[in-house]
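Starting from the given sequences, assemble the full structure and let the hints guide the process.
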Amino acid sequence: MVASLYLSFTDYNLFSAPNWIGFENYARMFGDPNFRKACLVTAYYVVIGTPIKLASALAVAMLLNSARRGMGFYRSAFYLPSLIGGSVSIAIVWKAMFIDNGVVAQVIETFGGPAAASGGWVGNPNRTMPMLILLTVWQFGAPMVIFLAGLKQVPAELYEAAEVDGAGPVRKFLKITIPMLSPVLFFNLLLETIHAFQIFNSAFIISNGTGGPARSTLFYTLYLYFRGFRDFQMGYASALAWVLVVVVGLVTFVLFRTSNAWVHYSGGNK
Amino acid sequence: MKKTLVGSVAALAAASLVLVGCSSGGGSSDATTSTDAATDDTTATEDDSDGAAGSGDVSGTISFTWWGNDSRAEFYEESLALFEKAYPDVTVQTSWQAFPDYWTARNTEAAGSALPDVMQFDSAYLREYAGANRLLDLTPYIESGAIDLSGFDSGLVGAGNLSGKQVGIPTSTNTLGMFINPGVIAQTGVEFPADGYTWEDLNTFISATYAADVSNSDGYRLYGSGDYTATFWLFLQWLIQQGTEPFTDDGQLNFTQDDAKGFLGLTSELREKDEIFPVARGVALNPLGGFTMNEVSAEMSWDNFMAGYSADSGSDDLELKMIPAGPNGSDNFFRPSMLLSAGENTKNPEAAAALINFLLTDPEVGAIFGTSKGVPADADQRAAIQAEEGSIDAKVLAYEELIGSTTTSTAPIPVKGFGTIEEKWRQLGEELNYGNLSIDDFVSEWWAEAEMAVS
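Which chain is which? The protein sequence lines are A and B, in order.
Here the first sequence stands for residues 156 to 425, numbered as in the working numbering.
Here the second sequence stands for residues 855 to 1309, numbered as in the working numbering.
Note that these hints are calculated values from the structure, not bench results.
Since the structure is predicted, the reported quantities are computational estimates derived from the model, not experimental observations.
C-beta atoms are modelled at their ideal positions from N, C-alpha and C, and glycine is treated no differently.
One or more of the hints may lead you astray.
[Unchecked claim] If you want the ones that stay clear, here's a sample from chain B, every Cβ over 12 Å from chain A, calculated:
#1 Asp924
#2 Leu936
#3 Lys939
#4 Thr948
#5 Tyr983
#6 Gly999
#7 Lys1019
#8 Pro1047
#9 Asp1112
#10 Gly1162
#11 Asp1295
[Unchecked claim] Just so you have them, the derived chain A footprint on chain B, three or more residues with Cβ under 8 Å:
#12 1023-1036
#13 1097-1108
#14 1123-1137
Spelled out as structure tokens, the structure:
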């Protein structure tokens, strides 16, 4: 880590010994169109993808939080995608599903939707991001299990008391479930946000290692990898890596600060 | 994944810090350390070569690596079995990867001066490696006759010579050609222009194919061609036709922004009218393409792709024609390809030289590979290919013979950072076809990248 900090101030190219060039690598980012694009793409993914994923995880967790027969099976079934979803093979299958005559295009057409545009979702820069967000949302299993554990912890008396007072399901959800669940929600939010910053495999596979089409999947991690290992600009890549570390740190810090306002820890003095 | 990446960066960084750490004093003394290391290596090489350079009694174990696919691996294993029969005291350890992974692996090894004894090399990376002194100068072995280049064209050998050092020798040559799919042309009914046609004629053909408005049985419209201006090598070829050498001898760009705009402008009308193969469909098909899906009549590419294109498209009647002519004809160049190089750190340069010589000049090896790596550079290997009439090998050989009989120029030696600027050209070409930027944006962004990468 420390070494990469040093390298970020050099012109290291993998071959020759690094030369100190001061803040040149960091200054270069301001004029680098691909850096801007990578930031936008990653921000879009984190800001849109993470809340949708958490909302789906919570919704399914609430459905699964009732004592019916076969719940164990459903729980495993819904958890499964999060185990395999990040793999290379799933990314390949995902890509195949979203091309012109892929499964998705056929289903949409069957239900009276418009015919697929040439190239399907894979070939259209404004569709690739929804496609990747769907892939991450589909992997809601891990946060779902944590939500489920959290839901089990909510004392049933609270709901009973609320029902006696005449509260409806929406009111119960907003006034009891959300506050009681807020520590778990915070934990999941933090974890999934950081996780979203790290997307690499699926974007790499779906774009054939280009970050395309038209740079629509040029995630920050992808760009960093290209600069370091394809373009021999390891110094610049190190600087990019450090900016990412700092940004993820800042986001985490901000989340922690705002958490004081909305996360409710029961039992403590807080 | 981020952690892993940061980890690898750190690991590499640590490796380089060891280097830096050796040199005492300030940051500017780094160079001393690497010079020391280089000197050590050179001494070792000289010690080894005190033996008998050029004589037959070489022995030891050497490593050899290449990029490619399964069939190339089979060809190499077959050839190496022959080599080990001829040199019973030499054992060759092999490994291979696909092209992109190959270079990440080599780059890491080069950083630690731990390259294989012999490796397949690409001219796009030659300057970087040679500039950092990572490749063995093969000149003494050529002079001693250990590597016999009598069957080689001297211009071709020169392609592996950088600042007086023979850092690689090409196995074969490629040249750009126009692939034609007669099956698609039969469906559209639009004839491909006869040899000697110009870039304008090609554009007319593309427009006419679009105007024919024919779709295949799956409902996909047939096109004349994709946007050829998105391919960097075709730009270089076009520059040469205009009388401009793309790169200077000292590895700088030798063309202007207006040259680039001129080339990209060739297809701007076709792009506006959507008469070329749609980029979105091309992206979705990648790694296949419109041509290999039998949706495009013609595509320009390297002639050794014939085998791959025939297999992917399932059409065995593909033809190779001349590329469009410039003011003085097609001005094709033979691109030296699949160079063989030895790592500067090799402990057994004699055995490495023997292996390089065997792979380059043994007729049986030539017969094993055919034209799958391009047309062999060595005359004996070329003669050893038994190509049946109408076979893939025969088509490629005939095409290069045809090219050899016309005016040819020398292939440009790729500048440092060639891989970067080539990929940038492709990326911006894609954006151009999606209509996300203008030709002027393309050129200014590419230029900024090139200045950074080439310097």
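Verification of the supplied hints:
1. Asp924: Given a closest Cβ separation of 19 Å, the condition holds.
2. Leu936: holds, 35 Å
3. Lys939: holds, 37 Å
4. Thr948: holds, 23 Å
5. Tyr983: Nearest chain A Cβ is 7 Å from B:Tyr983, so the label is violated.
6. Gly999: holds, 32 Å
7. Lys1019: holds, 16 Å
8. Pro1047: It holds; B:Pro1047 is separated from chain A by about 27 Å at its closest Cβ, greater than 12 Å.
9. Asp1112: Since the minimum Cβ distance to chain A is about 22 Å, B:Asp1112 lies beyond 12 Å and the statement holds.
10. Gly1162: holds, 16 Å
11. Asp1295: violated, 9 Å
12. 1023-1036: violated (count 0)
13. 1097-1108: violated (count 0)
14. 1123-1137: holds (count 6)
In summary, the numbered hints that this structure violates are 5, 11, 12, 13.
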